[in-house]
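Going line by line, the protein sequences match chains U and R. Quick note on numbering: the UniProt record's numbering labels position 135 of the first sequence as 135, and the sequence is numbered without any gaps. Quick note on numbering: the UniProt record's numbering labels position 162 of the second sequence as 162, and the sequence is numbered without any gaps.
Warning: the hint list may mix true and false statements.
Identical copies carry no separate label here, and so any pair may be met within one copy or between two of them.
[Unchecked claim] Pairs of lysine to aspartate or glutamate, DMTMM-like flavour, derived with a Cα cap of 20 Å:
| no. | residue 1 | residue 2 |
| --- | --- | --- |
| 1 | Lys170 | Glu57 |
| 2 | Lys11 | Glu45 |
| 3 | Lys170 | Glu56 |
| 4 | Lys54 | Asp147 |
| 5 | Lys60 | Asp44 |
| 6 | Lys12 | Asp98 |
| 7 | Lys122 | Asp42 |
| 8 | Lys12 | Asp44 |
| 9 | Lys54 | Glu102 |
| 10 | Lys54 | Asp130 |
| 11 | Lys97 | Asp42 |
| 12 | Lys11 | Asp42 |
| 13 | Lys54 | Asp42 |
| 14 | Lys11 | Glu156 |
| 15 | Lys2 | Asp130 |
| 16 | Lys97 | Asp130 |
| 17 | Lys122 | Asp44 |
If you're looking for bench data, these hints aren't it; they were derived computationally from the structure.
Protein chains: 2
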Amino acid sequence: MKLGIVIFPSKKLQDFVNSYRKRYDPHYALVPPHITLKSAFDADESDLKTLTSKLEEIAKKHQPFSFHLSKVKTFHPLNNVIYLKVDPSEALTTLNKDLYGEGMIGGEPEYAFVPHLTIGQKLSNLEHDDVYNSLQMLAIDHEETTDRFHLLYQLENGSWTVYETFLLGKG
Amino acid sequence: MKLGIVIFPSKKLQDFVNSYRKRYDPHYALVPPHITLKSAFDADESDLKTLTSKLEEIAKKHQPFSFHLSKVKTFHPLNNVIYLKVDPSEALTTLNKDLYGEGMIGGEPEYAFVPHLTIGQKLSNLEHDDVYNSLQMLAIDHEETTDRFHLLYQLENGSWTVYETFLLGKG
Chain U
1 MKLGIVIFPS
11 KKLQDFVNSY
21 RKRYDPHYAL
31 VPPHITLKSA
41 FDADESDLKT
51 LTSKLEEIAK
61 KHQPFSFHLS
71 KVKTFHPLNN
81 VIYLKVDPSE
91 ALTTLNKDLY
101 GEGMIGGEPE
111 YAFVPHLTIG
121 QKLSNLEHDD
131 VYNSLQMLAI
141 DHEETTDRFH
151 LLYQLENGSW
161 TVYETFLLGK
171 G
Chain R
1 MKLGIVIFPS
11 KKLQDFVNSY
21 RKRYDPHYAL
31 VPPHITLKSA
41 FDADESDLKT
51 LTSKLEEIAK
61 KHQPFSFHLS
71 KVKTFHPLNN
81 VIYLKVDPSE
91 ALTTLNKDLY
101 GEGMIGGEPE
111 YAFVPHLTIG
121 QKLSNLEHDD
131 VYNSLQMLAI
141 DHEETTDRFH
151 LLYQLENGSW
161 TVYETFLLGK
171 G
């Protein structure tokens, strides 16, 4: 099965992001808006027990933290993903590092960690440029706190179900 | 905000149910297949702390349990929901009762508790009869175990995000 680890931001921020995803993100219906902490990786159902106890350990040693969104950016020309940039922070970076740490299933990260909330993807070049140019005019200055992350698995139809929540700083 | 409490069955069962929901359930993209333990209820974000500590208590005093699916049924003529019947059990009934127990937010249940997995809804009468008749021929005899339930909240677009997982029998 395919697993992934994410942060769901506040309902308010999810609603805001969805108002764009609805038009610009074909994955809109597959998963709520999220910050990916560990990209999709393969595992057997029999790995879940070891993995979740590992994730409990990791959650316990991190504390709730705040993150800040500052602007709309794009991964173009790597790919046509338009996103809200989450400003990198010690808290996010060490959490991400731990989720790829020793003994963790899922191998090495494919890309450098660029925390973000996707608002559009799989756009044609023309559409990408158009949408990106208009969204860049948005004034973004949002800060919020998170105290949890979620382990998800993917269903056959491509959608994601939550397996378990992990509370930061909790035993 | 609107909250709900559900069990997500195994990935295998979710995939099976989705193969029908895809065609017959307009809520297909809004939430993964689930057994509702407590129907949608209103709460403020400020209620979440009290609610989750209450749910922790409830989860702790219940143990993982197995449930059995025996047949395709319908709520017609009450409404045109076609579902996989989850055979009632002591475990399910007491869990449901506790989630509506004293001090729990959300008021009284609107209907008697009929544990089920929806496979189709909002069908016209004609379509309902047609689909129900053909699905009744399915041989269903499935048993599986669950060890958790999830608290969800609804976004503006009608989709549901998981707030927290509660592990049965865990502290």
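To see whether the hints hold, each was checked on the structure:
1. Lys170 / Glu57: both (9 Å within a copy, 16 Å between copies)
2. Lys11 / Glu45: between (30 Å within a copy, 10 Å between copies)
3. Lys170 / Glu56: Both: 8 Å inside a copy, 13 Å across copies.
4. Lys54 / Asp147: both (17 Å within a copy, 18 Å between copies)
5. Lys60 / Asp44: neither (24 Å within a copy, 27 Å between copies)
6. Lys12 / Asp98: Intra 28 Å, inter 30 Å, cutoff 20 Å: neither.
7. Lys122 / Asp42: Neither: 23 Å inside a copy, 36 Å across copies.
8. Lys12 / Asp44: between (35 Å within a copy, 13 Å between copies)
9. Lys54 / Glu102: within (10 Å within a copy, 36 Å between copies)
10. Lys54 / Asp130: neither (43 Å within a copy, 49 Å between copies)
11. Lys97 / Asp42: within (18 Å within a copy, 38 Å between copies)
12. Lys11 / Asp42: between (29 Å within a copy, 14 Å between copies)
13. Lys54 / Asp42: Intra 16 Å, inter 35 Å, cutoff 20 Å: intra-copy only.
14. Lys11 / Glu156: between (26 Å within a copy, 9 Å between copies)
15. Lys2 / Asp130: For Lys2 and Asp130, neither the intra-copy (33 Å) nor the inter-copy (36 Å) Cα distance is at most 20 Å.
16. Lys97 / Asp130: neither (35 Å within a copy, 53 Å between copies)
17. Lys122 / Asp44: For Lys122 and Asp44, neither the intra-copy (29 Å) nor the inter-copy (36 Å) Cα distance is at most 20 Å.
When each numbered hint is compared with the structure, violations occur for hints 5, 6, 7, 10, 15, 16 and 17.
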